[in-house]
Amino acid sequence: MIIYTSIVIAVIGGLMAFNHYQEQQGAIQFQGAWFMPVSQSSTRQLLLFMQVIVPILLLTTAFYRFIISKLNTIDRLNDRLICLLNDKKTNTGVQVNDPNTGQPVTAMGHLIDSLENRLKTLESESSRALASNHVLSYQRRKADLLLQAMPYGVLVMDGDGLVTYVNQKIKSLVSVEPEQIVDHPLQSWCKNSELISLLSCYKGNASPLQRLNFVEFKANENSNKTLFASVHPFSIMENIPEFQGVLVIIRDISEEVSARQGRDEFVTHVAHELKSPLNTVHMFVDLLLNDSELDENTRMDSLNSIKDQMERLTGLISNLLNIAKLESGTLSLDKERVNLKEFLEDTFNAVKKSGRSEDLSFDLKLPSSLNAIMIDKELFRVALNNLLSNAVKYNRPGGRVSLEAEETGNSIIIYVRDNGIGINAVDQSQVFEKFYRSDEQEVTTKNGQGLGLALVKQIVTIHYGTVSVKSEKGQGSEFRIEIKKDLHTLRQTA
Amino acid sequence: MNSQIILLVDDEPHILAIMSHILKRKNYNIETACNGEEGLQKAIKLRPSIIITDVQMPRMKGPEMCRQLLEKHPEFCPLIVVASSRTEHEIRDWVSQHSHIVFKEKPISPVNLLTLVAQHFSSTTLVRA
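Those protein sequences? They're chains A and B, same order as listed. Read in order, the letters of the first sequence are residues 7 to 500 in this note's numbering. Read in order, the letters of the second sequence are residues 3 to 131 in this note's numbering.
Think of the hints as simulated: they come from the structure by calculation, not from any bench. Quick caveat: nothing in here was measured; it's all calculated off a predicted structure. Heads up, a few of these hints could be off.
For the chain B half of the interface with chain A, some residues (derived, Cβ under 10 angstroms), not all of them [claimed, not checked]: (1) D13; (2) I17; (3) R27; (4) N31; (5) I32; (6) N37; (7) R61; (8) S86; (9) V104; (10) K108; (11) I110; (12) A120.
With beta-carbon atoms standing in for the labels, derived distance ranges [what the hints assert, rightly or not]: (13) T170(A) with Q70(B): 42 to 48 angstroms; (14) D340(A) with A120(B): 46 to 52 angstroms; (15) E183(A) with S101(B): 33 to 39 angstroms; (16) Q70(B) with D297(A): 43 to 49 angstroms.
Cβ atoms here follow ideal geometry from the backbone N, Cα and C, with glycine treated the same way.
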């Protein structure tokens with residue numbers, strides 16, 4: 007408004023000055039007369055001066071205000087830019103589309119608004135990206151820790167046969183530092199030909215038809231450690247049938263191999279033990295069938311031999327079944343409260359009257375009373391019978407077999423003693439192992455499978471007891487069973 | 003009585019008893035041993051014409067007894083019958099490498115046993131004649 011008023015006054019002043027010029031009949035004379043000290047014309051000249059100067063001043067003021075108003079808007083825009091640059095919150099309430107500021111400033115204001123919005127978007131995206139990055143880092147770390155914590159060696163190989171990741175477990179398995187494996191050619195770190203063959207199958211140009219899935223190999227030539235490596239191809243990109251890398255799992259299977267060998271040996275041993283008496287029976291039956299001239303004594307000997315072998319087979323199968331049940335945990339104990347004194351007397355007398363011990367003396371020493379204990383009566387009878395039968399079997403003519411029991415404050419102890427052939431020191435440490443039999447001729451000439459004492463140990467163990475042996479070669483043996491008097495053996499329920 | 007000796011080596015007393023019985027009835031001269039160690043000693047000492055041995059025995063196994071016998075006395079060349087219910091390939095392979103060692107799966111019937119022994123003695127008699 008001021009600007010318009012100034013322009014109007016300036017225009018009026020200009021018109022007045024022009025009229026006065028016309029009245030003076032010549033601008034040159036008029037100009038020359040300005041500085042003339044003529045009193046009559048000073049009032050008119052002053053008026054003329056005012057008519058010229060005032061509009062100029064007014065115009066200048068208006069122009070100045072116009073410029074300032076523009077500069078103020080630019081200053082505000084500048085302030086916002088500085089704030090943006092300094093990453094401070096801008097005053098978004100500033101009006102940038104002031105009609106007085108003109109189109110360029112308005113456009114610049116819009117540009118800054120746009121920049122500001124873009125900056126906010128970028129900041130928001132940056133924050134999200136940062137958060138995602140943290141999450142990814144955490145997940146990567148977590149995945150790495152999981153792979154490191156795995157009990158197996160883990161190795162990731164790309165399609166070119168270069169290893170891109172290994173966990174620390176690999177070091178203890180293949181005895182190579184992870185740093186020597188990652189990004190190094192297969193041949194430079196792997197010394198095992200079986201593993202090289204397995205991994206080479208998964209290099210880019212190897213034929214898929216020749217690919218192996220797993221390999222079992224020795225850790226090194228002088229090691230008993232057996233390793234198992236399996237390969238699992240993976241594809242990162244979908245819709246591509248070919249894999250981009252393989253995950254290799256290497257684990258120590260030494261214990262499994264050992265167990266497998268043990269199982270195979272067990273099966274072989276059992277088969278042999280079953281076949282031997284059958285072979286003997288077969289031969290005697292053949293003899294009886296095909297030889298009509300056999301005398302009565304030979305026939306009876308043959309039949310007795312067959313009977314012995316049948317008993318041997320029955321005992322073997324019974325022991326095997328009991329051991330299998332005990333080892334697999336499928337045997338459910340049928341515990342009951344047993345009068346131990348009566349139980350020991352019964353078992354002892356049964357062995358005494360078995361008919362194989364006519365020339366032996368038997369001695370039973372039991373205290374006047376024994377605490378009743380919770381046992382599986384039939385199973386415990388098998389254990390005690392095995393000990394007493396061994397005392398009879400590995401005895402000498404005129405020898406002695408004794409069963410003794412005692413009760414202390416904490417336990418009940420049962421002794422089975424004999425003064426037979428005895429057990430040498432080497433055999434004593436192994437007599438409770440399955441299928442272990444002494445090489446002593448006095449032992450090998452008698453029937454047996456090496457299962458009786460193994461079964462005794464298992465039966466005593468599941469009754470929370472211990473069994474041990476003391477023996478001297480040629481002097482006899484003492485087997486000692488100790489059952490602790492505790493909740494397991496004294497309470498009513500199993 | 004046939005003067006040529008047949009040595010039976012087995013840790014099963016019943017097997018030794020029945021084979022001895024079968025062969026003695028045909029007047030063969032029988033010696034027995036209950037493990038490879040005893041079998042080796044008797045083989046060196048008695049120089050039997052035929053050795054019939056089990057495989058799985060305490061102290062010394064049948065094949066080991068044969069190896070030591072062949073190694074220590076290469077000039078001594080009896081017929082060796084390795085009898086076992088086991089059928090490991092190593093034993094069969096090892097047996098196949100020796101012309102005078104044969105493998106027989108247990109149980110050996112009395113008829114087969116007598117035939118085997120009789121064939122050996124008749125062939126050696128023919129060679130000598």
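These are the hints, each one checked on the structure:
1. D13: Since the shortest Cβ distance to chain A is 5 angstroms, the answer is holds.
2. I17: With a closest approach of 6 angstroms, the I17(B) hint holds.
3. R27: OK, holds: R27(B) within 10 angstroms of chain A, min 8 angstroms.
4. N31: violated (19 angstroms)
5. I32: violated (15 angstroms)
6. N37: Check passed: Cβ of N37(B) comes within 7 angstroms of chain A, closer than 10 angstroms.
7. R61: Because about 5 angstroms separates R61(B) from the closest Cβ in chain A, which is inside the 10 angstroms limit, the hint holds.
8. S86: Interface hint status for S86(B): holds (9 angstroms vs cutoff 10 angstroms).
9. V104: Check failed: Cβ of V104(B) comes no nearer than 18 angstroms to chain A, outside 10 angstroms.
10. K108: At about 4 angstroms, which falls below the 10 angstroms cut-off, the nearest Cβ of chain A leaves the hint on K108(B) intact, so it holds.
11. I110: holds (7 angstroms)
12. A120: violated (15 angstroms)
13. T170(A) with Q70(B): 42 to 48 angstroms: violated (58 angstroms)
14. D340(A) with A120(B): 46 to 52 angstroms: Since D340(A) and A120(B) have Cβ atoms about 58 angstroms apart, the given range 46 to 52 angstroms is violated.
15. E183(A) with S101(B): 33 to 39 angstroms: This hint is violated: roughly 57 angstroms between Cβ atoms.
16. Q70(B) with D297(A): 43 to 49 angstroms: violated (36 angstroms)
Hints 4, 5, 9, 12, 13, 14, 15 and 16 from the earlier list are contradicted by this structure; the remaining hints agree with it.
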